[in-house]
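Residue numbers (the working numbering), protein chains in the order written: chain A, 1 to 278; chain B, 279 to 682; chain C, 683 to 1045.
None of these hints come from the bench; they were simulated from the model. Here the structure is a predicted model, which means the values were calculated and not measured. Accuracy of the hints is not assured; some may be wrong.
[Stated by the list, open to error] On the chain B side, residues computed to face chain C include the following (Cβ under 8 Å):
| id | residue |
| --- | --- |
| 1 | G381 |
| 2 | L387 |
| 3 | R391 |
| 4 | D454 |
| 5 | Q524 |
| 6 | Y641 |
[Unchecked claim] If we take Cβ atoms under 10 Å as the criterion, some of the chain A residues that face chain B in the derived model are:
| id | residue |
| --- | --- |
| 7 | F48 |
| 8 | A59 |
| 9 | L62 |
| 10 | L69 |
| 11 | G96 |
| 12 | L103 |
| 13 | A116 |
| 14 | I127 |
| 15 | A154 |
| 16 | E217 |
| 17 | M236 |
| 18 | R241 |
| 19 | I248 |
| 20 | L249 |
Built from N, CA and C at the ideal position, the CB exists for glycine as well.
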Amino acid sequence: MTATTNHQGARLRRWLHLGFCAAVLIFLVAPVLVVIPLSFNAEPYFTFTEGMLRLDPDAWSLRWYNNVLSEGRWLPALGKSLLIGAAATIIATTLGTLAALGLSSPAMPGRGIVMAVLLSPMVTPIIITAAGMSFFYSDLGLGQTHTALILAHAVLGAPFVVISVSASLSGYNHDLNRAAANLGADAWTTLRRVQLPLIAPGVATGALFAFATSFDEVVVVLFIGGPDQRTIPREMWSGIREQISPEILAVATFLIVFAALLLTAVNWLRQRDYARTS
Amino acid sequence: MAFPLNSSLLNNRRLRAGLLAAPLVLFVAVTFLAPLAAMLVRSVHEPAVARALPQTLGALAQWDGRELPGKAVFRIAGSEFVALNERRALGSVATRVNRLESGMRSTLLGTARALAAEPPGDSWRQAMIAADPDWAEVSSWLALRRAGEAVTPRHYLNALDLDRGGAGEIVRQPEDRRIYVSLLLRTFAISTAITAICLLLAYPLAWLLAHARPRRAGFLLLLVLVPFWTSLLVRTTSWIVLLQNQGVINDLLVALGILAEEQRLALIYNMTGTIIAMVHVLLPFMILPLYSIMRTIPDRHMQAAASLGASHWQALRRVYWPQSLPGVAAGSLLVFILCIGFYITPALVGGRTGQLVSSMIAYHMEQSLNWGLAAALGGILLLLVALLYVIYDRLVGIEKLSLN
Amino acid sequence: MRFLVPPLVGLTLALALAGFGAPAKAQTLTVVSYGGSYGRSVERAWVEPFMAETGIDVRMEDYNGGLAQMRAQVESGNVFWDVVDLVTPEAVRACDEGLLEFVTLDELPASADGTSVSEDFPPDSRSECSGGGLVSATIVAYDNRQFPGERPTRLEDFFDLERFPGRRGMRRVPIVNLEFALLADGVPLDRVYSTLDTDQGIARAFAKLDTIKDEIVFWEAGAQPPQMLADGEVVMTTAYNGRIFNAQVLEDQPFTIVWDGQVQETSGPGIVLGTPRLEIARRFIAFVSRPESLAGISEHISYSPTRRSANALVSTHLETGIEMAPHMPSAPANMERALISSWLWWADNGDEMNERFAVWLSR
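With the rest of the complex left out, here is chain A:
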C-alpha cells in the first residue's frame, strides 16, 4: 500500500518536475520565436491579426524585409558591425589564445591574479565599462572612431577566448610537450605542431563568442560611438526606442537565424573538441 503511494508519489513528482522544466524551456525559447511569424505581418502591428491566424495569404507579406533592404540604413549598419566585429575578434582571439596557453602552463607565475585581471571585463557591469571608456577615449582624442570601438570590443571578447581555449587545454596532456622536446622540437615548434592543432576547436569557439559579443554590443557603442559607428545593435536600439516598426522584427528574425548558425557552429566545434580530448 505505502509502496504504491510512494510509487505514485514518485511518478507525480516526476511529471511535475518535467512539466515545470518544459514550462521553463518554453519561457526561454518561445519569446525568441514569436518574433519570426510576426515579421511577416502585412499590417504595421505587433500582434497576430485575424487574417494571419486564418492563414490568409494577404495578411502575410515580405514588406518589412523589403523596407529593411531598401531603407539604406540597415545594410551599412551590417557592414560596420561585421567590420568592427571581425577586427575585434582577430585581436581578442590572438591575444586570448596566447594568454590561455600561458595560463595553462603549470609554471605560470601569479596565475590567480592574472586570471582575475583577464576575466574582469566580462564581469564588470557594461555601463561602468562604457562610461570609463567614454572618458578615456575622449581624453585621448579617440572618441567616435572605429579604432576605439574595435579596441573596446576586443577587450570585452577576450575573456571568452581565454575561457574556451583554457577549457580545451584542460584536457591537454603536458607529457606531450616533453615528448616533443625529447624528439628535438623546440618550444615554438611544439606549440605550433602539437598544441595548436589540438586546441583549434577551442580557439574557434572562443572566436565565435568574441564575435557574438561584439555583434550584439550596444552600450559601449552608445557611449563612445559616433554617427560613423552606427552598428546593427545601435540602429535597433534607436528603432526600439523611437519608432518601433515591424521592420525591427524583420531585422530581429535575421539576427535569430544568425544566432542559430553561431550556436550550431559552436555545438559542432564542441563535439569535435570532446571527441579529440576524450
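For chain A, the structure is supplied; the task is to place chains B and C on it using the hints.
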C-alpha cells in the same frame, strides 16, 4: 624559426608562460583598467572651473565665507569673467557653477556681458551688483568657490544624496532632491529578486539536464543556449511584442475572454516588465553554472540516501543540495553581478518604475552631461562589483567562470 | 609562427580599413535634425533644394535633442556633425558653452519686402548661434475614436481623469510639462515662470502632475506620440503639433489637436564649432534662413517661420493642398491661450528641474 629570442630563454617555462600571457594582460590594462581608472579620476577631479578662474579662486581662498568678499575680489572676478567670455570659455564654467546654484548661469554670463558693454572704471562691486543682484548674496560666491575645487568629494556626496552646508558640513539633500540611495537600494532589491527567481526556475531544469541521458541532455542544452546566443536587443524586442498593451499576451487573454478589453494588464514599461525580461536574459547564466556542478554529482548518492530510508525531499535537502551549493553560489553571484549593472533591458522595457541605477548613470553621461556624478555613481557600483568578484573568487574560483 | 600570420595580416587590414572608414568626405555636409515626419520635411524643403542649387552632397542624421554628442565631438576634435537643428533653449546653452559657431545677422539673407534682417527676426526668436527659425508648439492631441461622447477641449481636460479616463502620453522631460501643469492648475499665462521661480510653484506643478502620474506613458522621440495614439497605447498625449498634423493629413488618422494651452518654442539650425566644413555649413545656414526656405517647410509640416517677412509666403500643403495658415501654432484662432516657452528660464533652471523631475519619476 624566425623568432628573435634564443631558445634557452624560451625554454625557461616560467618566462615563456609569462610572455604568452603578457600581451593580453597589457591589452586589458590599457584598454580596460585604464578607462576604469579614468572614470575614478573623473569622479573626484573636476579641474575645469579651477583652470578657468585661477585669480578669482585665489582671491576667494582667503575669504571667510560669511560676509560678501571685498572690493578687490569683485574687481578680480569681474575682469576674469569678461576675459573668459571673450574667449567663449565662460559658458562651460557657468554651466558647472549652475549645478551648485541654479540661476548662476545667467548671473555669470549676463554680468560678463554687462561689464564688457560698459566697463565699470573702479566701482566693480557696484557694477556687478547692478548687473545682477545675485552678487550681493554670499551663497553665489560660495557656489563659485565650491565649483572651483579641482579635487572634490562632491560627486560622491551627491551620489549618496548628501551635500555640503554653508559652513562645509555634510548635510542630507532636501527631501525632494533625494534619489540615489533609494535607487541603489531598489537596484539591490530587484537584483536579489531576479537572482532568486532565476535560481528557482533554473535549479530543477539544471537537475534534469545534468542527469538526463547524454543525447537528450545535449538537445535540452541547445534549447537553453538559444536565448543565450540571441541578440539581447532581439529578446527585448520580443518581450515588447509579447507584453505590451496591444501585444500578443494581452490579445490572447482578451480573445479567450479571461480579460475584458479595458482590463488589459500593464505588463511592460514598469517593474514587472523589467523583471520578466531580465529573468529571461539572465536565466542561462544561472542554468549553466548549476549544470556544470550538478553533472559532477553522481546519481548514486541520491539512490544511496533513498535506500537508507530518506524521503525524496530529505535526500534532496541533505545530500544533493549541499553538493550543488558551489553551482548555486556561482550562478547566483554571476546573475547578481550582471543584474546590478544592467542597462539595455530596463531602459527599453522598464518605463518609469522599472529603472535601475544604470539608467541614472546613462542619463548623466548622455543627457545632463554631469560626468562627475556619472563617474561617482559608477565608482560606487564598481566597488560593489569588485567586492562581489572577490567573494566569487574565494567561494567559487574565477577560473570556473565557464559559460560553454 | 606561421599560424600568427593570417590573424596579424587581418588585423592590419582591419585597422587600415577602420582608419579609412572614419573621416567623412570633405565635401559631404552632415545635417542633424529630429527625424520622423519633421526630418523628412527638412530633407525635402531644405536639403534637397540646397543640394540642387550648390551641388554639395548632404547626409542627414537623426537625433533626439541634447548636447552630449555635440560636446563629445567638439571636445575630442572629431567633428562629424556640421549643422545641427536645435530648439532655442538648447541652442542658447550650446552657444554659451562654445559648442556652436556664432551666426551674425549680416550672414543671414535679406527679406524680400525690404525689412531689415534685424527687424525681421522677432526678439528672442533665435540664439546668437542659430539661423533659420521655425515656430512649433507642444500641444495635447487625442484620438477621436477614444471619445465617442464628450471630447477634450481644454488643457485642463488632459489632467481630468474622471471625465476623460485613459492613459496619457507625455515627454519624459520637465520642459513644457511643468508649464502645462501650472496652466491647467489655473496659473495665468504671464505668471507661469514667476510661479516656477518659487519652490512652492515648483511643488505645485509636480503636485498637479502627480494627479495623473499613474496613467502616464512617457515618450522620448517626437515620432512616438502619433504612433502611441494610433496603436491605442494612450487616449491622449502631448505632442509636437506638426507630427499630429502629418498623421492627420498623410495617414488619415482621426486625431484632434487641443490648441488651448499650447506651449510655443522656436528652433533653428546651428553650426558645430570646429567643423572642417565650416564654409559649406555657413552656406547651408544662409540658404535655410531665406524667407522662402523657411516658408518651404510649411509645405510639408505645420511649423511656421520665425521671420516675419516669411510668414506671408506660407501657402498650402504640397501633397494635399490644404491651406496651412490655420494649422500653424501662430494662427490667431490657436493663440487664444498660448504660452511662449522661456528659453532663458530653462537655460538657468534646466539642470535643477531635470534633477527634480528624475526624482519625481523614480517615486
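Comparing the hints with the structure gives:
Checking B/G381 against chain C: minimum C-beta separation of about 5 Å stays under 8 Å; hint holds. Interface restraint check for B/L387: the shortest CB-CB distance to chain C comes to about 6 Å, inside 8 Å, so the restraint holds. Below 8 Å, beta-carbon pairs count as interface contacts, and B/R391 has none with chain C, the closest being about 11 Å; its hint is therefore violated. A hinted interface residue such as B/D454 counts as satisfied when its beta carbon comes closer than 8 Å to some beta carbon of chain C; here the least separation is about 6 Å, so the hint holds.
Nearest Cβ of chain C to the Cβ of B/Q524: about 6 Å, under the 8 Å cut. The hint holds. A distance limit of 8 Å between C-beta atoms decides the matter here; for B/Y641 the minimum to chain C is near 7 Å, and the interface restraint holds. A hinted interface residue such as A/F48 counts as satisfied when its beta carbon comes closer than 10 Å to some beta carbon of chain B; here the least separation is about 7 Å, so the hint holds. Because the smallest distance between the Cβ of A/A59 and any Cβ of chain B comes to about 15 Å, over 10 Å, the interface hint for this residue is violated.
With 10 Å as the threshold, the beta carbon of A/L62 stays out of range of chain B, its nearest partner Cβ sitting at about 19 Å, so the hint is violated. For A/L69, the interface hint is violated, since its Cβ never comes within 10 Å of a Cβ in chain B; the closest pair sits about 18 Å apart. Given hint, A/G96 at the interface with chain B, holds; its Cβ is 6 Å from that chain's nearest Cβ, closer than 10 Å. Because the smallest distance between the Cβ of A/L103 and any Cβ of chain B comes to about 6 Å, under 10 Å, the interface hint for this residue holds.
The interface hint given for A/A116 holds, since its Cβ lies 5 Å from the closest Cβ of chain B, which is under the 10 Å cut-off. The closest approach between the C-beta of A/I127 and any C-beta of chain B is roughly 4 Å, which is under the 10 Å cut-off, so the hint is satisfied. Taken as an interface hint, A/A154 checks out: its beta carbon lies about 7 Å from the nearest beta carbon of chain B, inside 10 Å. Given hint, A/E217 at the interface with chain B, holds; its Cβ is 9 Å from that chain's nearest Cβ, closer than 10 Å.
The closest approach between the C-beta of A/M236 and any C-beta of chain B is roughly 4 Å, which is under the 10 Å cut-off, so the hint is satisfied. Interface hint at A/R241: satisfied, since its Cβ lies 7 Å from the closest Cβ of chain B, which is below the 10 Å cut-off. With a least beta-carbon distance of about 6 Å to chain B, the hint placing A/I248 at the interface is held under the 10 Å criterion. Satisfaction of the interface hint for A/L249 is found here, the shortest Cβ-Cβ separation to chain B being roughly 7 Å, below the 10 Å cut-off.
This entry does not satisfy hints 3, 8, 9 and 10, going by the numbered hints stated previously.
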